[in-house]
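Engineer: Chains as they are written, first to last, in the UniProt record's numbering: chain A, 1 to 469; chain B, 1 to 469; chain C, 1 to 469.
Hints are computed from structural coordinates only; laboratory data are not their basis.
Only a predicted model underlies this, so the values are computations on that prediction, with no experimental measurement involved.
Accuracy of the hints is not assured; some may be wrong.
Now the stretches of chain C that chain B is said to cover, found in silico as 3 or more residues with beta-carbon under 8 Å [said to hold, decoys possible]:
1. 13-22
2. 44-52
3. 114-126
4. 180-191
5. 222-235
6. 442-453
Virtual Cβ for every residue (Gly too), placed ideally from N, Cα, C.
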Amino acid sequence: MLSARWRLPLLVVGLQVGLFVLFVLFVTYDEHSDAAGQTNLTDHAHNQLYAIFPLFQDVQVMIFVGFGLLMGFLKKYGYGGIALNFLIAVFSVQWALLVQGWFYHLHRGRIRIGIRNLLGAETACATVMISFGAVLGKTSPVQVLVLALLEVPLFTATEWLVVELLGVKDVGGSVAIHLFACYFGLSVTAVLYRPGLKGGHKDEAPDYHSDKLAMLGTLLLWVFWPSFNSAAAARGDDQHRAVLHTYIGLSSCTMTTFAISSLLDKRGKISLGHLQNAALAGGVAVGSAVDLMLTPAGAFALGSLASIFCTLGFRYLSPFLAKHLKIQDVCGINNLHGIPGFIGAIGGIVTILATPDEAYGAGLYETFPHRAPPPLQATQRGELGLARLVPALQGGAGRSAADQARSQLAGIGVCLGMAVLGGMVTGLVLKLPFLAQPEDEYCFNDDPYFQLPTEGEPKDSCKIVIKNC
Amino acid sequence: MLSARWRLPLLVVGLQVGLFVLFVLFVTYDEHSDAAGQTNLTDHAHNQLYAIFPLFQDVQVMIFVGFGLLMGFLKKYGYGGIALNFLIAVFSVQWALLVQGWFYHLHRGRIRIGIRNLLGAETACATVMISFGAVLGKTSPVQVLVLALLEVPLFTATEWLVVELLGVKDVGGSVAIHLFACYFGLSVTAVLYRPGLKGGHKDEAPDYHSDKLAMLGTLLLWVFWPSFNSAAAARGDDQHRAVLHTYIGLSSCTMTTFAISSLLDKRGKISLGHLQNAALAGGVAVGSAVDLMLTPAGAFALGSLASIFCTLGFRYLSPFLAKHLKIQDVCGINNLHGIPGFIGAIGGIVTILATPDEAYGAGLYETFPHRAPPPLQATQRGELGLARLVPALQGGAGRSAADQARSQLAGIGVCLGMAVLGGMVTGLVLKLPFLAQPEDEYCFNDDPYFQLPTEGEPKDSCKIVIKNC
Amino acid sequence: MLSARWRLPLLVVGLQVGLFVLFVLFVTYDEHSDAAGQTNLTDHAHNQLYAIFPLFQDVQVMIFVGFGLLMGFLKKYGYGGIALNFLIAVFSVQWALLVQGWFYHLHRGRIRIGIRNLLGAETACATVMISFGAVLGKTSPVQVLVLALLEVPLFTATEWLVVELLGVKDVGGSVAIHLFACYFGLSVTAVLYRPGLKGGHKDEAPDYHSDKLAMLGTLLLWVFWPSFNSAAAARGDDQHRAVLHTYIGLSSCTMTTFAISSLLDKRGKISLGHLQNAALAGGVAVGSAVDLMLTPAGAFALGSLASIFCTLGFRYLSPFLAKHLKIQDVCGINNLHGIPGFIGAIGGIVTILATPDEAYGAGLYETFPHRAPPPLQATQRGELGLARLVPALQGGAGRSAADQARSQLAGIGVCLGMAVLGGMVTGLVLKLPFLAQPEDEYCFNDDPYFQLPTEGEPKDSCKIVIKNC
């Protein structure tokens, strides 16, 4: 059997060689990055780069820095959290460029890429990061790479089903990103159940410094979440609302977390762990309705609700799931992504049903493309005037608000089905012995994978000195 | 009497319920975020979002990440500094959206909000953060929330008096933000004087790690300060100058701080504490003149001056104030915001008086709206030509440069009066016993408010181990 | 002889007074920041500020925060790394504003500055930071200031020779930034060779916390590198490609680093030090071809190559250079900037030679200004049609692709010559005794230059306690 020492490098080299060949065969520039696609009349100021780049950079900070620091919250698994987040984030983006390219951007056998593809790939990447949270510290680098390898295409297929086929409104991804990633991750961790960690693990905890760095990660995710949630919205007022709602939802959930976390402790002390997670739940919970006419107060309510359930989830549900359903969810993704994802999905449906069409004015079919009349039908109905008024209007499916709500419900179902099934299969694959799953005692520890400073973690070196005295 | 354990959660829940009701009653979308406000002719690329969002995101990083890390500089109050900064920042923005809305954005009984309101609210928020620096670690979470509750409306009123009524030029906020926040905070801390901390407190100091994180906070504030100072400037060359002046002022004050800090130590050693604060003083000191024709050399001079006085203030003035005036200023806000605020205010006046009108060319009345001729007077004087040349010209107050300078002086006076009076009243309110002010020995310590990791702060755990050996 | 205690403050004060005088004499606003440069027809939305500011802010984070944290990786030299990076970054920008102004922006005896000058100055600044990496912890603050004082004009002259005179395509700076800075820095450190550090130094290593902060620095450099590499590209598709290539190059080099680092350790353990550096090598290696039609697969290949050589360099070349060539390269800049710089330079040449002109379509002369026909020749050849098609076309040098490739080669030579000669002279100057070079035992230690917290670095205080028990 191949020694553990060779597995990670060989897998990485194999993946890179494979990806390189696929890049050679498939990847080329899109019309905004191809020099030959410009003419002497091209106004470079309108290059798509300038509309997307600021959002892209914010999302970059979230994925690589924010997530990374948050994943590094364990006292002895700081390198692991930060560096493995980096590893699978980078790989997921590379892989998603290809997979999403095959789904959406294939022209004459070539994938045409530009900045929008990078941004789209980071959405797939976020999904992998979220699922990774369920198995953080319990899986080898080889396992998490295989997880990313399987989750990226499954997410892409699910997103295609949900957003393209069913036409679900889900700009911030409550359904396609958070629900999917959460229940995929929980299924994986359920299959990888470790009876030996039933009573917890001595290293599954932060120390004072790692906790502050994880909080820094949360703060970075918090400040840039409006960019994440608005990136897929239509330009203009839709994107503007997405920023407002995300900010307001994050605000109310942060405040509420301080209250609930304090209430749940018998001495009234706040848990930084609650804050690191529940302060972000509002960003998840406004996801499906984020560009709709949710109203500021609606965003406020969704944020508060998400925080309440998220914090209660950490206190009561996670221990219950671990004990009775054998779901060991290291980062509590069910609390931050699962429950708030459901709140977001329902929030979207309620907003769709409760808002009168007039509230959207001329933008109704821009915000809800599937509610536009179908091309033929439009002509039959004599709605030619509409086409003249909005020349770029694309034919839709003529959905009513109730139709749209039904699609949203269907989307939730499809998403959960794909996530649970896909997660279970992935979990079984990850159990294959040559993927080098670490033994229980080496969980939550950098030592098996990283060279540690000789005067490593302060606590340890103190102990060593003391033994000598 | 209500146990201390319930006070924070009940206050937070009460505030959130109250704010939610007010959001329901008052808050709606502005013309850039309301779907029904767009027509088929709206060019979404001109949505206000795109002009403001990059500045807003930079200010977000400053408020939540930069300030948070800087406030976390104390070795045992890292959670407190970072998390309470987060708490009151979030609350201040929520509250300021309403208060500033009632002052400035009320249309038919509804507050119309968009991204500009979020940015405006973060200005109020910055004021609260600054004042918080004076009482950091000596106040309970309940007290700081009450502080924010009182300071936000007082700041809004002061800003309205200074900027709207008196027409003070103060784009970077030397007067309305820094002077106000500083003397408000100092008045609060003077009222909350603790004789027991006269000789200092063993925990009122950083350790090696918290000092590096605080320095990271300073660096983030430093790099994004040009966005903060330019956010309120007129678009175009005004905003361009604001960026240049802020950068140059920060540069010269940083260099100067290295020199003065080294000079003040008898071994020539630099204080990281000086650097964390005085390296930012230039951003304060260019505040009032930041969009004027200050000249690059003028910004350079203001930055250097601010650093000299700021660093000397830490060395000599802060101990003097603590000893003789009973003003215990934990973060030294008098040095970073008070003195540089005065330098900035005077710098603004000198710039206004010393720059000939010709230097502003056609932009004179854009930079100084109150210097434009009053509408009627313009017609009388036969200046119709001007109105034809600059069609959007709004009538002003026909001020001369000297008039403008007098208004600036008046603004300083109003600001100081409001700050000192408001701060004293706030201090008295904070003394109310049910606000749970911590006892002296629990100051600068996370333990009363936060769940700490069992293997908490390295130093402590070492001591514990040693006792056993 | 002047006591060491006075040298830094006096040098800083002297430099600041000198710079202030030069600012007064020379520096004024450019046409985008000067109020009098606007007319009533100026569209402020087209102010250059808005095209450059987002890139500028990203580069700011890289220089001050990213580089700072990365330089702070040593366990006892964290203040030094972060704060001295801050000191010389600020000074380099101030100084480069003047030096680059005299070279490029002098109009009637005045340097006209705007945001583009700040961005340009940060390029010079990056060069100083890179070179600083070679002597980190072995030089006094006085020495590094003198290094910056000398390197900034030398870099400016070199860049002028390479980019302006020879017309080298080098938008991401593989040649003019990375090769120059690296071999300048290596020459300096070779002259400053310390036989006493031949066997290493006990403090030349990170600890667990400093390593995580340095990794945070790397992540910030990683996410913002696309801004750095695209800042000097032509607007539109050129800038778009620069972003794509940088991102793809960074991705492949990051993945490859995980593999190679693991392969190089006999237990298969990954080195965080490798990751902190080699994960960035792809950004260097795409530098010269970053805006060309390199193809996504080309960027992928350059990134992988750079990582392989960078990681091998850390393992084999750096010890060899230290032992046999007396080049003690603290941060391994030869591995991150030297070797990948060569890969980038060659990558540029190959891309120029291998890409047919048709691939650039109408943008050929925009991407390669020196390949445009010379003004006179154009007329002679009857190419007036071209001038009509592209009215803004500036006459070039009529270069063929092979001509351009020859210029690139010449640029590499000029750059290396300037760097090695300039670095040796600078090294000799830094040896002057009054520059207060620290003794070997005080290297890599904050204590000589910074006030340390009384309960300083955790490890030390443990030892002290233990001695008592």
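Engineer: Next step is simple, just say for each hint if it's right about the structure.
Structural biologist: A quick look at each hint next to the structure:
Counting residues of the stretch 13-22 of chain C whose CB falls under 8 Å from any CB of chain B gives 5; the rule of at least 3 is met. A count of 5 residues in the stretch 44-52 of chain C with a Cβ less than 8 Å from any Cβ of chain B is obtained; the coverage claim is therefore met, three being the minimum. With a cut-off of 8 Å between beta carbons, the stretch 114-126 of chain C has 3 residues touching chain B; three or more are needed, and the interface restraint holds. Residue count for the stretch 180-191 of chain C with a Cβ under 8 Å from a Cβ of chain B: 0. That is fewer than the three needed, and the coverage hint is violated.
Residue count for the stretch 222-235 of chain C with a Cβ under 8 Å from a Cβ of chain B: 0. That is fewer than the three needed, and the coverage hint is violated. Only when three residues or more bring their CB closer than 8 Å to a CB of chain B does the claim for the stretch 442-453 of chain C stand; here the count is 6, and the claim holds.
Of the hints listed earlier, those the structure fails to meet are numbers 4, 5, in rising order.
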